[in-house]
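Student: As a plain string of letters, each chain reads:
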Amino acid sequence: MTQRFVVSLDAGGTMTDTFIVDEEGKFGEVGKALTNREDESASFIESINDAAGYLKLEEKEILSGAITCIYTGTGMLNTILTRTGLKTGLLITKGFEDYLILSRGQRWLGKSYHQIIHFAERWKTEPYVEKKLIKGIGERINIFGEVVIPINKDEVANSVRELMDNGVESIGIVFLNSHINPTHEIEAKNIAMEIVEKEIPIYCSSELMPVIREYSRLYSTLIQCYAAEPVRKQLLNIEEKARKNGYEKRLLTVLSYGGLADVRYPRMFETLLSGPVGGIMGSKYIADIVGLKNIVCCDLGGTSFDVGLVVEGYIPIKREPIFHNFMLNLPMIDIDSIASGTGTVLKIDPISKRIILGPESAGAKVGICYEFDRPTISDCDLILGYLNPDYFIGGKIKLNKKDSENALSSIAEELGVEVYDFAFGVLELLHTQTRGAILSRLTGRGFSPSEFAAIFYGGSGPMHLWGISKNVPFTDVITVPWAAAFSAFGIATADYLHRLHSSTYAEIPHNADDETKLKAGEMINPVWEKLEQEAYNLFKMEGYTDEEVRLKHFVYCRYKGQLEDFEAQTSVSRITKPEDVDKIIQDFEKAYGALYPEAMKFPEAGYLITEVAIAAYVDLPKPKITKYELEGESPKDAYKDTREVYFEDKWYEFNIFEMKELKPGNVVVGPSIIEHPATTLVVPPDNRIRMDEYRLIHFMGR
Amino acid sequence: MGIGWNGKSLREMLDEYEAKSESGYYYGIEELKLREDDFFKYERFYYRLLNATLEARERVKFACASPGTRELGELLFLVHAPEGEAAAISLGLMAHVTVVENVIKTIIRENYEETVGIRDGDIFVDNDPYTGGAHPADSRLIVPVFHEGELICWVGSISHELEIGGGTPGSFNPFAVESFTCGERISVERVGEKNQFYPWFIRRLRRNSRAPDLWILDERAKLSGCLIIKERIKEIIEEFGVDYFKQALRELIEEGRRDMEARIKRQLVPGKYRIPHFCPVLYKGEGVPPHADRDYIIHLPLEIEITPEAKIIFSYEGASRWGWHSFNMYPGALESALWLSLIETLLYDGRVTSGGKLQTELIRPIGSITNPDYPYAGDGIPWVILTGEISMSSLAIYLAQFARGYIEECIEIGANWASLEGGGITRFGTSFGFTNFEFSACAQGARPIEDGLVAAAAPWMPETDTGNAEIWEIVLNTASYLYRGVIRNSCGHGKFIGGPAWGSLWVSWKPTVFTIVASGSFSGMISYQPFGLMGGYPAPSWSFFIIRNPEIFEKISNGEIYPGIVELFEHTKNKGLDEEIEVRKGFANSRMAQDRSIFGIIYGGGVGYGDPIERDPEKVAEDVNNGIITEEVAKNVYGVVLEYDESKGVYSVNPDETVEMRSKIRENRKKRGRPVKEWWMEERKKIKEGKLPPYAIEMYKECIEFSEKFRDEFTKFWQISEKDIMG
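Protein chains in written order, with numbering that gives the first Met the number 0: chain A, 0 to 701; chain B, 0 to 726.
The set of hints was computed from the structure by calculation and includes no laboratory data.
You may find that some hints are simply not true.
With a cut-off of at most 30 angstroms between alpha-carbon atoms, the simulated DSBU-like pairs for lysine-lysine come out as follows [unchecked claim]:
(1) A:Lys600 to B:Lys193
(2) A:Lys623 to A:Lys243
(3) B:Lys310 to A:Lys346
(4) B:Lys574 to A:Lys131
(5) B:Lys572 to A:Lys134
(6) B:Lys233 to A:Lys589
(7) A:Lys600 to B:Lys574
(8) A:Lys130 to B:Lys554
(9) A:Lys559 to B:Lys193
(10) B:Lys40 to A:Lys346
(11) B:Lys584 to B:Lys685
(12) B:Lys32 to A:Lys346
(13) A:Lys352 to B:Lys685
(14) A:Lys130 to B:Lys647
(15) B:Lys40 to A:Lys131
(16) A:Lys243 to A:Lys232
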């Protein structure tokens with residue numbers, strides 16, 4: 000009988016990782032291949048082949064037995080960054096043709112505190128659409144949804160013809176307040192569709208993301224127009240390659256809010272920021288299995304440190320993420336990212352003699368010890384003995400410890416400290432910065448770390464979890480042997496999910512009477528109904544029946560007068576009685592109260608629900624985290640050697656273990672280092688780790 | 000026993016601080032012991048404190064009601080030592096870094112500690128410029144932080160409110176000639192205790208603003224932010240210990256001073272830098288009281304001396320007297336403005352604390368506009384001049400950096416702003432009022448290495464932002480945007496061009512009552528100062544206009560007129576409809592907008608750098624293709640002759656004709672040029688014969704009468720007697 004698998008691939012800028020899980024939930028080693036930027040279908044097969052090798056199988060055996068194959072790549076990101084998308088034309092409300100030049104004036108987005116306050120450090124992003132391909136259309140709808148200027152249909156027709164004459168390959172339509180009244184955008188689209196002779200993508204902002212803030216809607220629409228189809232083509236090409244190798248289903252990809260979608264999914268722009276979401280999904284999956292409700296997900300890689308949360312089993316979403324110096328209207332798993340990783344460059348301020356970390360990173364060039372020209376955190380890790388120069392990527396890359404020592408010594412000398420104290424101090428700064436990101440993430444949302452467990456992953460997560468988690472009262476600190484490919488694992492655990500949002504306007508004054516409450520229902524119920532229908536249609540297109548779809552309902556509510564609304568999941572799916580509105584308000588107050596002190600509440604102002612959303616799910620087979628029999632505590636089978644390692648202020652003899660050889664139940668007491676070809680786990684003298692029955696590694700005090 | 004550190008009263012602490020700081024070191028701290036003992040621990044401490052302020056701002060701005068705070072982040076949080084100096088400062092409204100400390104010092108000097116008592120959970124609010132701030136629109140909320148009975152520090156916050164009552168809707172009240180009509184005034188008051196506002200404080204805000212919910216929610220947000228920081232401070236004290244906390248606060252502030260000192264020494268050439276600065280006041284016929292009903296010019300010359308000891312002395316000797324206008328500056332205003340320009344150009348990568356201020360000195364002649372000796376002078380919108388001061392002082396730093404070779408750092412902080420305010424009654428019968436802060440993205444001046452940017456500068460805060468039109472329309476309520484875009488030919492021309500101006504156009508739609516007020520930097524009348532850099536051109540200043548004839552809107556609606564501002568002006572001019580459009584290159588008081596009235600603002604451009612005829616011709620062609628300048632300007636100003644390719648719809652350079660045109664421009668310049676001595680003689684003659692423009696004569700007379708130093712310098716330079724000018 001053919002074996003059955005879930006196959007997930009995470010294609011990063013450098014490596015493509017493959018994670019294969021069999022029907023029993025078992026998974027072996029991670030498959031790796033260099034990402035082929037020219038033809039990702041080649042590295043797709045190569046990576047699967049590598050993973051299959053560990054199972055003593057061929058890639059065809061894996062693909063023909065695959066229940067699901069999920070692929071997340073860098074296609075959309077690269078298409079935008081390299082400006083290789085479709086030639087796009089834009090129809091915009093007349094008078095707003097310079098919007099991409101003005102760019103909301105946000106010349107500082109995504110930069111650090113010190114960069115932002117440096118006035119000379121301002122820059123612009125070149126617009127994605129040439130000026131001559133931006134056409135103003137006479138029309139205006141006001142905030143009440145009333146037509147102030149009727150749409151000029153001739154202008155639409157003429158503009159579309161001009162755009163076609165100029166050879167555009169896609170058209171975006173963005174009119175002001177179309178989230179309230181989309182009729183002008185729809186009319187323009189209909190006219191455009193009649194005129195264009197060949198089939199090209201034409202998107203209205205109100206069909207992609209009908210929510211307030213025209214700038215973010217504009218950028219989302221342009222990303223969709225510019226990059227969706229080239230990326231879809233690439234993904235279909237990969238699907239084709241998979242089919243040739245025996246795969247029978249549709250290829251799935253990952254959405255920025257953590258769902259999966261068929262690569263034919265219309266709103267492809269929602270895949271743009273899906274890079275770091277795999278880790279969060281993987282964390283949630285593990286948390287569900289071992290019964291943890293609240294988790295901080297910590298991903299430390301070479302260039303950045305990403306922090307996300309799982310709260311009460313739910314992953315929070317943000318709706319206006321920053322990308323490439325602008326804001327998008329795009330639901331995305333709420334992740335904070337800071338430019339601190341093991342590739343982060345360190346330097347000394349010539350005036351104050353302060354150590355400055357980043358924001359530049361050596362990326363794949365590691366540090367002075369490999370191919371970079373300036374010292375990095377990795378150089379510190381290396382000279383302190385945490386990194387094994389002969390076992391980096393399983394020994395495929397040799398690191399030069401002497402070069403690191405020389406470079407760091409000259410800086411330490413300048414500061415008048417010993418080089419090893421200096422290197423250790425640098426690590427402490429990295430730990431402070433990253434810990435700060437975790438704490439501000441938690442406390443910024445009204446949570447205490449004492450209610451959360453932390454999961455560390457990414458290539459460098461296990462190496463630094465001891466320092467980052469130091470003195471933070473997490474309920475548990477966890478990592479896994481497959482931490483370096485955790486993202487690919489996470490993708491395999493993702494839900495088949497679509498989130499759909501739409502604006503509405505339901506006002507509920509303070510002490511509202513029953514009639515008013517029921518009126519709010521009249522505003523909300525039809526929108527929920529419309530979104531549900533849309534979700535059913537999307538899933539139908541992907542081969543699922545309405546019965547297979549599960550729904551969750553959300554409202555976005557604010558105190559009247561506020562400009563921001565706050566997401567609240569509600570158990571109410573239709574308002575049929577006044578008490579349903581009371582329940583929704585209660586759900587909002589609970590969500591709001593978790594974020595702000597009591598002084599920030601303002602119920603006397605009344606409530607306004609401006610947007611509602613649904614999350615629609617279909618169940619998919621998922622990997623199972625196998626529960627193993629516990630073996631003895633002694634890790635003797637994994638023991639390799641000893642090594643001199645500098646910790647705090649002196650040298651210790653650390654025991655060295657091989658992670659692959661650790662057994663469930665084993666306990667490793669510090670000072671120890673547990674090595675894996677793709678990562679290193681450091682256990683300081685006052686700590687120990689224990690591998691549990693799920694092969695999760697718990698880090699704890701000695 | 001006092002509530003300060005170690006049983007001292009706050010007054011004793013302030014006296015001690017002032018005495019010890021005479022040493023030139025903040026609090027007499029000559030060694031940074033904590034830093035020297037363990038600089039990693041010390042860094043960790045600082046970032047914990049800084050992160051607390053950043054977290055508070057990021058967290059609460061989402062709960063604010065005014066677009067100023069939520070959309071643009073016009074909000075600031077700080078941690079202050081007990082005597083008032085700030086040790087950690089968030090991003091945001093950084094132009095107000097020093098104003099909270101003035102409020103704290105007032106609380107201390109007026110001995111609130113004994114008279115009313117200061118307790119954990121107390122809330123103080125102040126928006127009175129007389130006690131420290133720039134103008135009443137900036138509301139400061141301060142809470143004390145106690146640890147085991149000691150007031151360990153203060154947490155402060157500031158936001159700009161969009162509607163604060165007063166004579167005209169909005170927050171600036173530019174026609175208020177005395178403080179009494181500048182809007183609701185809260186003068187260092189306790190407005191709550193036990194972390195809750197008094198109900199009568201909320202009622203007061205509700206009764207004194209046209210858009211009270213915006214103000215109330217902003218105050219609630221600031222309180223929440225301060226409480227968040229208080230929690231973090233408790234955690235920091237738990238981790239580091241209270242003694243470490245106290246000493247580290249002091250060392251951080253002193254370190255800020257040292258960082259500033261080091262940067263001045265390294266980047267600036269010592270010497271005196273003088274920048275002229277004028278501001279016309281156009282009040283005549285604008286409905287102000289009779290004693291203020293005139294047009295005149297305010298003189299505000301800036302001299303910056305950079306001493307070899309790395310001090311920066313700002314002097315306003317020669318400034319006009321305070322006046323019957325809304326631009327008078329009480330102590331906190333100038334101090335904050337000038338300090339911000341130093342943070343953004345020098346201290347940005349250092350320790351941003353109040354310490355650096357100790358390297359500066361500010362000379363504000365008593366009785367002048369920079370230091371009124373009348374406590375009720377109009378102070379609604381001193382930013383008309385203050386933003387200019389940020390720009391002027393950044394220009395002085397620019398010259399000092401340029402002389403030292405730091406050309407990549409040279410930048411004039413663009414401050415060419417204008418504001419549309421308004422309010423009235425909506426068609427639903429509710430009141431509304433607003434300040435449209437979309438101008439928080441002014442044009443940036445050109446730099447010695449590159450062009451300036453459109454919508455890239457806000458001299459009062461680093462995070463520039465126009466916000467979304469859809470959000471502004473919520474508070475504008477009765478007005479809809481028709482245009483938001485770049486204005487052709489509005490950049491300061493040069494080898495590198497200044498950022499072009501942009502502007503907005505609105506139509507009012509079925510209002511019940513809707514009045515509009517316009518104001519902006521330098522009153523708008525004259526070219527934006529500074530007047531171009533190293534041969535570059537100045538940029539046009541801002542202007543406001545209104546068209547009440549609904550037929551013009553109908554023409555826009557039916558497509559006959561493009562709703563661009565330039566096109567609208569061209570149309571009215573070409574059709575002989577000039578009288579239909581009221582253009583105001585200066586403040587406009589309470590213009591009534593009817594149904595389908597059109598009104599707009601041009602926000603002004605950035606200054607150019609270097610000679611325009613040295614600009615790369617290809618870049619000039621690109622400017623024309625991008626709609627930044629016209630073909631005519633390319634030819635006449637840049638000497639670049641372009642050819643239009645109809646099939647491609649683009650302009651390209653004709654190299655030969657360009658060479659010829661540029662040579663012609665040079666020849667013409669030679670013909671126009673004359674020796675400085677000749678120019679000086681002519682000007683001197685004008686002065687002696689009383690032939691200067693009347694406004695200029697009046698301004699100089701006033702300044703000569705007021706300032707001996709100015710009189711001596713003026714008469715010496717022009718080699719005239721006092722009588723020659725005074726008559």
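Student: Does each hint fit the structure? Answer for all of them.
Tutor: Now the hints, each set against the structure:
1. A:Lys600 to B:Lys193: holds, 16 angstroms
2. A:Lys623 to A:Lys243: Judged against 30 angstroms, a Cα distance of about 28 angstroms means the pair holds.
3. B:Lys310 to A:Lys346: holds, 28 angstroms
4. B:Lys574 to A:Lys131: Judged against 30 angstroms, a Cα distance of about 28 angstroms means the pair holds.
5. B:Lys572 to A:Lys134: holds, 26 angstroms
6. B:Lys233 to A:Lys589: holds, 25 angstroms
7. A:Lys600 to B:Lys574: violated, 56 angstroms
8. A:Lys130 to B:Lys554: Given that 30 angstroms is the threshold and the Cα spacing comes to 25 angstroms, the pair holds.
9. A:Lys559 to B:Lys193: The hint holds at about 26 angstroms.
10. B:Lys40 to A:Lys346: holds, 18 angstroms
11. B:Lys584 to B:Lys685: holds, 27 angstroms
12. B:Lys32 to A:Lys346: Status holds; Cα separation ~23 angstroms.
13. A:Lys352 to B:Lys685: The given pair, whose Cα atoms are some 57 angstroms apart, is violated under the 30 angstroms limit.
14. A:Lys130 to B:Lys647: holds, 13 angstroms
15. B:Lys40 to A:Lys131: violated, 56 angstroms
16. A:Lys243 to A:Lys232: The hint holds at about 16 angstroms.
Going through the hint list in order, the structure does not satisfy hints 7, 13, 15.
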